[in-house]
Amino acid sequence: MSIFIDKTTRVLVSGITGSEGSFWTKHMIELGTNVVCGVTPGKEGEVVENVPVFHSMKRAVAKHNAGAAMLFVPPRFVMDAVFEAIDAGIRKIVTIADGIPLHEAVKIREAAMAAGAMVIGGNSSGIISPGKAMMGMFPYWIERVYKPGNVGVMTRSGSLTNEVTAMVVKAGFGVSTLAGVGGDGVPGTRFAELLPLYEADAETKAMVIIGELGGTMEEEVAESMAAKRFTKPLVAFIGGRTAPEGKKMGHAGAIVTGGKGSVMDKVRALEAAGAKVADRPSRVGTLLKEMLG
Numbered sequence: 001m002s003i004f005i006d007k008t009t010r011v012l013v014s015g016i017t018g019s020e021g022s023f024w025t026k027h028m029i030e031l032g033t034n035v036v037c038g039v040t041p042g043k044e045g046e047v048v049e050n051v052p053v054f055h056s057m058k059r060a061v062a063k064h065n066a067g068a069a070m071l072f073v074p075p076r077f078v079m080d081a082v083f084e085a086i087d088a089g090i091r092k093i094v095t096i097a098d099g100i101p102l103h104e105a106v107k108i109r110e111a112a113m114a115a116g117a118m119v120i121g122g123n124s125s126g127i128i129s130p131g132k133a134m135m136g137m138f139p140y141w142i143e144r145v146y147k148p149g150n151v152g153v154m155t156r157s158g159s160l161t162n163e164v165t166a167m168v169v170k171a172g173f174g175v176s177t178l179a180g181v182g183g184d185g186v187p188g189t190r191f192a193e194l195l196p197l198y199e200a201d202a203e204t205k206a207m208v209i210i211g212e213l214g215g216t217m218e219e220e221v222a223e224s225m226a227a228k229r230f231t232k233p234l235v236a237f238i239g240g241r242t243a244p245e246g247k248k249m250g251h252a253g254a255i256v257t258g259g260k261g262s263v264m265d266k267v268r269a270l271e272a273a274g275a276k277v278a279d280r281p282s283r284v285g286t287l288l289k290e291m292l293g
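Per our numbering, residue 1 is the first one in the sequence shown, and the count goes up by one each step.
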């Protein structure tokens, strides 16, 4: 099974007539995603990759019963698009936009939680269950890196994701579901909020998390492990080991506050909870082998 989408999930693409929307819709369909409708205001009646386009999500959902929304809209329109999706009854939403205003990201998360919806992103590559479905922007050579298997992956990074996942595959494993929560300070969904889905997934036998300095998401994973809310083997790689102390680095979420957020804070918390932490990407596969025998 998949924790978020599979071949049966009926996906709506918002912004489908734009250059990115149309390009990635084609790729999503080729990877098995069941894209049933698209939305661009003023473009109703058009067709993209044999997918009908509608003025609004309500009109699209009423006609095609979509249950998930992929948003290819600029950062300043993401909040309205998320609200529109929730209002249309959609409870699974993915957005890849980088640079969503912070106060709007807070409102997005609050609205999603109040409605019982899950937003993946922003500043994310999206989510993929290899061999089944994909919502996001994963490259065309993805089949060489993302093989179907039984290792779940959660990541805050973009570029590191491909490198670390390639090490998972090189070690002889594959991926059940990879979720890119994104590198922003206020992601729609946090690591620890996805962990129960992986815990309940019979297909996922182990986890890899790709973290970064800043924020507390990795420490929250450690807390879930210590409380036995997550019980499967877990390997982590934390980027930013060589970052100068006291500097904000890269993503908006890379902020260190007293006692939490540094790479070593995260390493200590995860190891104390029973996880193994790789000091470089090439060690991730080796540690998985050790944990899974």
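Heads up, some of the hints might be wrong.
Stated by the list, open to error - 25 Å max Cα-Cα, derived DSS-like pairs, lysine-lysine: (1) K132 <-> K205; (2) K276 <-> K170; (3) K147 <-> K107; (4) K26 <-> K58; (5) K205 <-> K232; (6) K228 <-> K205; (7) K276 <-> K205; (8) K132 <-> K107; (9) K132 <-> K232; (10) K26 <-> K63.
What the hints assert, rightly or not - The calculated label-pair distances, taken between Cβ atoms and stated as ranges, are: (11) K289 <-> E49: 25 to 33 Å; (12) P74 <-> T286: 22 to 30 Å; (13) P196 <-> K58: 41 to 49 Å.
To be clear, the hints were calculated from the coordinates, so they are not data collected in a lab. Virtual Cβ for every residue (Gly too), placed ideally from N, Cα, C.
Verification of the supplied hints:
| no. | hint | result |
| --- | --- | --- |
| 1 | K132 <-> K205 | holds (18 Å) |
| 2 | K276 <-> K170 | holds (18 Å) |
| 3 | K147 <-> K107 | violated (36 Å) |
| 4 | K26 <-> K58 | holds (23 Å) |
| 5 | K205 <-> K232 | holds (7 Å) |
| 6 | K228 <-> K205 | holds (16 Å) |
| 7 | K276 <-> K205 | holds (15 Å) |
| 8 | K132 <-> K107 | violated (32 Å) |
| 9 | K132 <-> K232 | holds (23 Å) |
| 10 | K26 <-> K63 | holds (21 Å) |
| 11 | K289 <-> E49: 25 to 33 Å | violated (40 Å) |
| 12 | P74 <-> T286: 22 to 30 Å | violated (42 Å) |
| 13 | P196 <-> K58: 41 to 49 Å | violated (30 Å) |
Against the hints set out earlier in the document, violations occur for numbers 3, 8, 11, 12, 13.
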